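Mind docking these for me? Both chains are given alone in their own frames, and the hints should help you get the complex.
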Amino acid sequence: MNRPDEKTLNRWLEGELEGEELRKIDAWAETHAGDLDNEFKCEIGWEALNDEMMSAIPESTEPPYPEFFNSKIQQAILDEMPATNVELPASSLWQKLRLVVAPAAISALVAFYAGTQMQNSQATDPSEVVSEESSVYVPHTGIVAAISESNEATEIILNGLNPISDELDIAAGDTSPGNSPMMATTREEVNPYIIF
Amino acid sequence: MKRTFQIFPILLLIMLSSVSSLSAQAKVKTNLDRGTDSVGELKVSLIFGTNGDVDQAGKDLKSPSKAQLVALKNLKTIKFTNYRLLGEDQQPILRSYENWANPMKSSKEILLSFQPLGNPISGHLKMDLEFWQSHEKIMKSGATLKKGKPLFIQGPAWRGGKIIIAVELMSLAKE
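Taken in order, these protein sequences are the chains called E and W. Here the first sequence stands for residues 122 to 317, where the numbers follow the working numbering. Here the second sequence stands for residues 1190 to 1364, where the numbers follow the working numbering.
Only chain W is shown next, with the shape it has when bound in the complex (with noise of 0.2 Å):
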């Protein structure tokens, strides 16, 4: 009986050890990278603005949406009469790894790669945004993000008009 009593603290502490192994096992299993979690959804809308003819970007391209022409239309220093879709791109944003959006699904002329800089607060996520044009970084912008307060970058002139970069935080993780 009392040697029992003696063995009894041994397997206890052998079945801490055990378990403990096996949790840290199985947490590597699970979590190998957490950097490729996503923590939000971006969007990336690629707008031509002009004051004159919009059909110059071509005759089937579409409207931005309802929600965008309001924004742009209130914006203080980027302003044109008409706009066009030139195309999108909605991606997930990695925790830790650079994610590129690529609007204009054929062509790689103008691009966007954004990387977070830290994790959500309170709604807002802080961002590195790198705007390529033409294979060529042309600049870096550490943005602050929100929903519903997005982006805008005009960028190169191009047939009458200028190329405008829509960036949206479309949803955010928990914090």
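Bound conformation, chain E alone (with noise of 0.2 Å):
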């Protein structure tokens, strides 16, 4: 048999053949072991360096508490890791609200401040707020009011009023028949403290 190329070899090596295609070329292995040998010289100088290290390096033990050991060290390579690239852990109920109660607050606090100085400004300035201006509303058809203001008087005429009964002495107490629209709201009549 000639000799199998390298890509069978390295199979053969690796024990990945089978059946006839493995009993040849151990024939030929047997054969041809000093060819084998030169070949793979070095390979099998590097296997024997490797477990020669392997039996050098002790046996890796387990720390005496594995998860504090590790949540340390992960702590310890996060804190190492620039601000942009660490990966927050899941956030509590609050640091989520806060983004809402923050500018919440902010924008009460800003209503609150801008509220009082409405008010101060009314306090200070209260001419902007008081009209002198006199509105006025007849409720009957027929009757006309005209107003008229001026820095010493305001002046409201009543046209198409129909005219007091020249027959009526109100100087000297008449009133037309009728009932009275007075309620019984003056200043003697409601006391509070009366009903205890």
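Calculated from the structure, these hints are not laboratory results. Careful: at least some of the hints might be erroneous.
[Said to hold, decoys possible] Under the rule of at most 25 Å between Cα atoms (straight-line distance), these lysine to aspartate or glutamate pairs were calculated in the DMTMM-like manner:
no., chain 1, residue 1, chain 2, residue 2
1, W, Lys-1268, E, Asp-200
2, W, Lys-1363, E, Asp-200
3, W, Lys-1315, E, Glu-273
4, W, Lys-1262, E, Glu-288
5, W, Lys-1248, E, Glu-288
6, W, Lys-1338, E, Glu-273
7, W, Lys-1335, E, Asp-147
8, W, Lys-1336, E, Glu-288
9, W, Lys-1294, E, Asp-295
10, W, Lys-1262, E, Glu-254
11, W, Lys-1255, E, Glu-273
12, E, Lys-217, E, Asp-200
13, W, Lys-1338, E, Glu-270
[What the hints assert, rightly or not] From chain W, some residues computed to sit far from chain E (all C-beta separations above 12 Å):
no., residue
14, Ile-1199
15, Leu-1200
16, Ile-1203
17, Met-1204
18, Leu-1205
19, Asn-1240
20, Lys-1248
21, Ser-1254
22, Lys-1255
23, Val-1259
24, Ile-1353
25, Ser-1360
26, Ala-1362
Predicted model only: the values in this text are computed from it and were never measured. Using N, Cα and C, we set each Cβ at its ideal position, and we do this for glycine too.
Here you go:
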């Protein structure tokens, strides 16, 4: 048998060959053992070196508290990493809420400040909010009201009113027939303490 | 000793709550209804104005005060040569109640009801004024009054002249 190709030899070395192919290569290897020794000398040397090194390294031992140990290592790694690359742990409910609460609190503060300023402006400069203009509403049709404003007085002229009968001596106390609209709300009649 | 320090904050809390409770009760008793507080005084005068015989209103009637006459003479639209005072009424302005002025004590032919529309601001008081004639509401006005600036309403005709209602803010409570 001719010398098998490199690929087949590697497969043979890895133990991947089976059946007739394995038998052929085994037979060839028995007759060409010297060639094989020369060819794989280097690799065999590496394996021996590897075994020697592995035997020199002591067997690994578990730390007494592995989870704590791992977490400390992870924390140390995270601390060393730049801030942008740090993956934050899942935020708590308060951390989520503060994103909403903080702007709301700032808005409330601004609104409160604005409110106090508005109130102050009213107190300091009331002339801006006090309108001296009078308004008139006349429920009866046919009656017209005219307003005249000056610095000294306000005048309202009511035209279209029914005249008071000349026969009625109002100066002497006469009144047209009917019920008085006056309600019992004069100061003398309102006594909140009377019920106690 | 340690126990005393533990009890002390509890006692303090009880004292504070008692004081606040008593204070609230006292407030309720003293301020049962602030609506009855007076925020000022309003004078309503009923004046008869005519260019004719002033005695038509009545022979024993007085002339308006000098200040009123000066104000009447300075009016732009209400102009008469003669004036007589039919009556006047000065009433406190209750903070949140309807008030009534009855210038002619015995007659209720002409009445004025009034109610503040807010707190006095810088000497001004916005008021809801209602003019009543013969038991009917004739006019409703949202007038802003201030001391020294009266409001004159020229009302119905009577005996050759006109009835004039003069509304003056006499005083205003401190703001």
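**Request:** Any hints from earlier that this structure breaks? Give me their numbers in increasing order, please.
**Result:** Going through the list in order, the structure violates hints 1, 2, 4, 7, 8, 20, 23, 24 and respects the others.
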